[in-house]
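There are 4 protein chains.
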Amino acid sequence: EHTCILNLSCDDKPGIVAAVTTELAALGANISESNQFWDPLTNRFFMRIAFRVPARLSIEDVDRALRPAVDRYEMRIALTDQARKPRIIIMVSKFDHAMQHLLYQIRVGWLDAEVVAIVSNHETCRADAEREGVPYRHWPVTKETKLDQEARLLDLAQESGADLVILARYMQVLSDGLSKRLYGKVINIHHSFLPSFKGAKPYHQAFERGVKLIGATAHYVTPDLDEGPIIEQETQRVTHAMSAEDFVAAGRDVESRVLAQAVKAHLERRVMLNGHKTVVFQK
Amino acid sequence: EHTCILNLSCDDKPGIVAAVTTELAALGANISESNQFWDPLTNRFFMRIAFRVPARLSIEDVDRALRPAVDRYEMRIALTDQARKPRIIIMVSKFDHAMQHLLYQIRVGWLDAEVVAIVSNHETCRADAEREGVPYRHWPVTKETKLDQEARLLDLAQESGADLVILARYMQVLSDGLSKRLYGKVINIHHSFLPSFKGAKPYHQAFERGVKLIGATAHYVTPDLDEGPIIEQETQRVTHAMSAEDFVAAGRDVESRVLAQAVKAHLERRVMLNGHKTVVFQK
Amino acid sequence: EHTCILNLSCDDKPGIVAAVTTELAALGANISESNQFWDPLTNRFFMRIAFRVPARLSIEDVDRALRPAVDRYEMRIALTDQARKPRIIIMVSKFDHAMQHLLYQIRVGWLDAEVVAIVSNHETCRADAEREGVPYRHWPVTKETKLDQEARLLDLAQESGADLVILARYMQVLSDGLSKRLYGKVINIHHSFLPSFKGAKPYHQAFERGVKLIGATAHYVTPDLDEGPIIEQETQRVTHAMSAEDFVAAGRDVESRVLAQAVKAHLERRVMLNGHKTVVFQK
Amino acid sequence: EHTCILNLSCDDKPGIVAAVTTELAALGANISESNQFWDPLTNRFFMRIAFRVPARLSIEDVDRALRPAVDRYEMRIALTDQARKPRIIIMVSKFDHAMQHLLYQIRVGWLDAEVVAIVSNHETCRADAEREGVPYRHWPVTKETKLDQEARLLDLAQESGADLVILARYMQVLSDGLSKRLYGKVINIHHSFLPSFKGAKPYHQAFERGVKLIGATAHYVTPDLDEGPIIEQETQRVTHAMSAEDFVAAGRDVESRVLAQAVKAHLERRVMLNGHKTVVFQK
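Chains as they are written, first to last, in the numbering used here: chain A, 1 to 283; chain B, 1 to 283; chain C, 1 to 283; chain D, 1 to 283.
Don't take each hint at face value.
Straight-line Cα separation of at most 20 angstroms, SDA-like style, residue types lysine to any residue; simulated pairs [unchecked claim]:
1. Lys13/C - Trp110/D
2. Lys283/B - Ala241/D
3. Lys201/A - Trp110/D
4. Lys13/C - Ser32/D
5. Lys94/C - Trp110/B
6. Lys277/B - Arg44/B
7. Lys13/C - Ala241/D
Which residues of chain C face chain B? A few of them, derived with a C-beta cut under 7 angstroms, are [to be verified]:
8. Tyr183
9. Asp253
10. Arg257
If you want the footprint, here are the derived chain C segments under chain D, 3+ residues with CB under 8 angstroms [what the hints assert, rightly or not]:
11. 22–29
12. 144–150
Bear in mind the hints are in silico, worked out from the structure with no lab data behind them.
Computed from a predicted model, the values in this text were never measured in an experiment.
Glycine included, every Cβ here is placed at the ideal spot set by N, Cα and C.
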């Protein structure tokens with residue numbers, strides 16, 4: 001027995017769930033978790049369904065069985081086998097807290113993923129990569145080398161079959177071209193409660209404004225900086241007695257947590273894109 | 001077109017969802033929301049499914065269509081029509097904040113319910129009931145009258161077809177007999193984060209212990225005081241500089257909110273009993 | 001014995017606290033609560049000190065005793081007697097939840113204030129005012145009448161000796177002139193986590209952006225709309241399954257709570273202005 | 001110029017603050033932060049005051065100057081120089097998340113402390129200690145060796161001048177004798193929202209009870225297990241769909257955060273004991 005996850009979206013009409021679950025039942029599959037969402041504004045239907053299938057059936061068998069339903073309802077689907085460990089690339093600059101938290105969560109098994117590589121424009125985190133037995137790619141970025149380095153990143157993502165590129169406080173903005181090519185496969189952690197304080201030094205902006213809460217936002221990367229679909233957000237109380245540096249320090253925990261939650265949700269196929277928003281199916 | 005909600009639970013086996021949704025599709029029903037949970041410890045399966053059915057079909061038609069599936073899987077089901085406004089009885093003593101919050105949320109439509117009666121062992125809240133146009137039952141309770149008054153409550157609940165009795169800071173403990181007869185239909189708000197500080201004066205107990213957070217718990221009432229299945233909980237920060245009375249004051253908001261959330265979840269059929277725990281299907 | 005509160009601010013130098021507390025000790029006053037903040041960026045010092053003075057001493061006596069210290073350190077001070085109940089004006093339009101919450105908190109004594117009047121550009125809340133025994137001023141606002149109505153408001157504020165004007169979801173923007181004249185004496189509740197979603201329909205903006213948290217912000221009113229010094233903020237989780245109307249409903253609680261907290265802090269003299277920011281001395 | 005912190009407690013009477021601050025002003029000291037609390041139940045007064053003193057004055061000079069006031073009011077005081085880095089001993093068993101978080105926060109400077117040693121009843125964390133350049137003491141504990149090992153710990157604490165022993169998920173219960181000798185100098189993280197779920201396997205207890213929030217509590221260790229004065233607590237939402245193991249995983253973050261907050265507050269001398277409760281002066 002192994003567990004598969006099916007994500008599907010299509011225009012809503014009667015019979016979708018019946019069609020899918022009837023096929024699954026015919027295969028002897030047993031549903032362990034199912035979530036769905038109907039967007040009344042667009043009449044779009046979203047579903048995530050996890051099910052155990054008998055060991056003799058491959059994922060291709062499942063896919064074949066579902067084809068008629070997929071075609072009839074013009075579904076967009078993704079079908080994954082939980083036995084295949086997802087692959088991720090972590091990108092980092094100098095601030096390493098978000099990366100450390102990801103590595104720790106992988107070590108204790110909360111995040112189920114294989115780190116294909118840690119990519120950085122600095123040497124700072126090499127020792128951490130080596131300790132984890134993960135390849136470290138030091139790819140410094142200047143205006144001249146940026147596109148070359150992005151080409152290398154794209155190659156790496158494709159060759160390794162990476163499911164996700166994580167910008168764990170990677171301080172370089174991806175080019176429009178790369179953002180588009182990897183759309184839906186790159187998650188960034190922004191250190192503010194978006195849409196407040198886009199761009200550089202958000203904690204200092206927040207300090208200037210005198211807010212009483214700071215926050216962090218994990219989102220998919222798009223060509224529009226800090227405008228991508230939001231996956232997860234959290235806030236944290238601050239006071240007038242805290243400096244901008246205190247905000248930075250208090251923010252480290254929130255950033256780490258929010259990014260890890262977003263990454264876990266993505267890798268467990270709980271996040272689906274709905275235009276410039278996300279559907280996030282919580283456990 | 002009207003919307004129905006089906007709650008079902010049964011032992012898990014393949015084909016349950018397919019059986020139900022296939023019948024619904026055959027009726028031309030369209031699923032607008034669906035949640036399910038499989039408890040791996042008991043192999044019990046829980047489902048809540050909301051669907052729009054054509055106007056020409058009554059809830060009896062739907063029930064009839066589902067019967068074969070219900071029988072085959074030995075499901076326990078509840079089928080309700082959203083058009084029928086749920087009926088509630090609110091019980092209160094002297095502290096009225098939780099009741100006021102419920103009445104307000106009904107007034108603005110966030111809670112969709114008809115208040116059959118406000119029952120109290122005091123006269124205190126009569127004016128509020130009158131303002132809302134709700135019958136007020138002043139039923140004082142002494143050791144001698146307790147069982148009589150409970151008999152009146154039971155009559156009222158049955159005659160009015162009440163879906164829920166809400167103990168909105170009602171300071172009398174229900175008898176074992178009544179707790180059992182109305183099991184799953186009475187929600188209490190306890191003013192602590194259970195299982196901490198059961199029984200009387202929980203804020204004073206919390207103050208004595210020097211906790212840094214206080215809380216509130218909405219739960220179904222059982223003969224075991226403050227041991228019933230928990231529906232909703234929340235906490236709130238307190239400090240050493242706050243007195244027990246400050247805890248009481250800070251707790252009013254949390255209690256009101258937690259109770260209202262639990263009531264809404266119950267009335268929308270999002271809460272299902274799973275032994276002495278609850279399954280709560282969030283929107 | 002009665003309790004006084006002294007708020008002071010001045011440029012920081014050694015001896016300020018000693019000077020003040022020595023005078024208070026000489027009067028036989030006993031400090032019950034004291035908070036201070038030194039802003040390292042501006043070298044400005046802020047202090048709030050609550051103390052019990054013997055009954056035979058008036059607030060004028062206290063003021064006189066403090067004068068030398070005040071002059072020596074060029075302090076700006078405010079000295080208030082807790083026995084004097086603060087006076088407030090509540091302004092409201094059609095959404096009444098924030099006002100209801102304030103009125104309730106006054107009724108149960110958590111907020112210690114006398115409502116001088118409820119002012120509205122609609123008739124909607126008259127019955128609530130009457131029930132509380134509070135004068136209701138229905139002052140409709142059009143482009144033509146706006147300045148006249150503001151003049152009436154200013155008169156009312158001055159004649160009644162109001163300590164605070166509260167915009168409890170009052171949907172008219174105050175003119176620049178009035179904002180300036182009443183600076184530091186008008187608190188508004190904005191229904192977003194500022195600086196996100198300034199201006200109209202913030203919940204609909206938030207819904208459009210697909211955020212995972214909504215919020216509310218209480219701030220002093222300035223001529224720059226939604227840019228005034230922030231007193232209190234809070235956020236609340238939302239999901240993809242919630243509509244803009246669900247955001248509005250979920251936001252009611254947060255708005256009510258945040259506004260009440262800010263009003264309480266203001267009336268207890270816990271809020272001090274520090275440029276375009278606030279110092280908020282928590283209990 | 002250097003910064004000192006004075007903590008004092010005494011029975012409340014007029015003149016305490018004046019006496020202390022007048023002495024400080026006479027020394028040319030400048031107050032940078034001050035907090036105080038008067039407990040109306042016990043009439044006990046608590047104060048923490050941080051101040052910058054001219055470089056030519058030693059901490060002994062400051063102490064000498066304060067003596068008359070200390071004697072007059074029978075104060076209990078602690079006077080510390082911020083220039084002296086506090087020393088800590090971290091104790092850990094197999095679950096290392098809380099320790100890792102402490103080590104990280106020290107590395108980035110949020111926690112200002114020197115780790116004198118990591119003590120464990122297992123070999124598991126040796127590599128982490130070595131990476132940080134911290135001595136690792138592997139002291140296995142059996143019923144027979146327990147008191148000997150505790151004697152070694154006491155020696156270590158005394159010889160190293162440790163300010164704090166941190167039980168970062170150290171799974172051995174300290175003996176009554178040691179708990180008493182080190183009272184106020186040992187902080188434990190308990191993985192529940194105390195007083196709920198004392199003792200072993202709190203997450204499994206919480207799962208059994210069906211709570212909707214889990215939590216963590218940092219407290220000083222006393223001979224009464226899990227009954228010591230609480231320093232910090234936090235909760236985190238869980239759902240019916242989460243297993244006891246999911247609770248454990250969700251709890252790791254909360255535990256780490258709560259422990260680090262409590263340790264920071266202790267090391268910054270923000271925590272004062274008030275009977276079996278704490279006064280925690282927040283920044």
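Here's how the hints hold up against the structure:
1. Lys13/C - Trp110/D: Judged against 20 angstroms, a Cα distance of about 28 angstroms means the pair is violated.
2. Lys283/B - Ala241/D: Given that 20 angstroms is the threshold and the Cα spacing comes to 14 angstroms, the pair holds.
3. Lys201/A - Trp110/D: holds, 19 angstroms
4. Lys13/C - Ser32/D: At roughly 10 angstroms apart (the allowed maximum being 20 angstroms), serine 32/D and lysine 13/C satisfy the hint.
5. Lys94/C - Trp110/B: The given pair, whose Cα atoms are some 16 angstroms apart, holds under the 20 angstroms limit.
6. Lys277/B - Arg44/B: Roughly 13 angstroms separates the two Cα atoms, so the pair holds.
7. Lys13/C - Ala241/D: Distance ~58 angstroms between lysine 13/C and alanine 241/D Cα, so the pair is violated.
8. Tyr183: violated, 30 angstroms
9. Asp253: Where the cut-off is 7 angstroms and the nearest Cβ of chain B is about 6 angstroms from aspartate 253/C, the hint holds.
10. Arg257: holds, 6 angstroms
11. 22–29: holds (count 5)
12. 144–150: Per the Cβ count (0), the hint is violated.
The structure is inconsistent with the numbered hints 1, 7, 8 and 12, although it conforms to all the rest.
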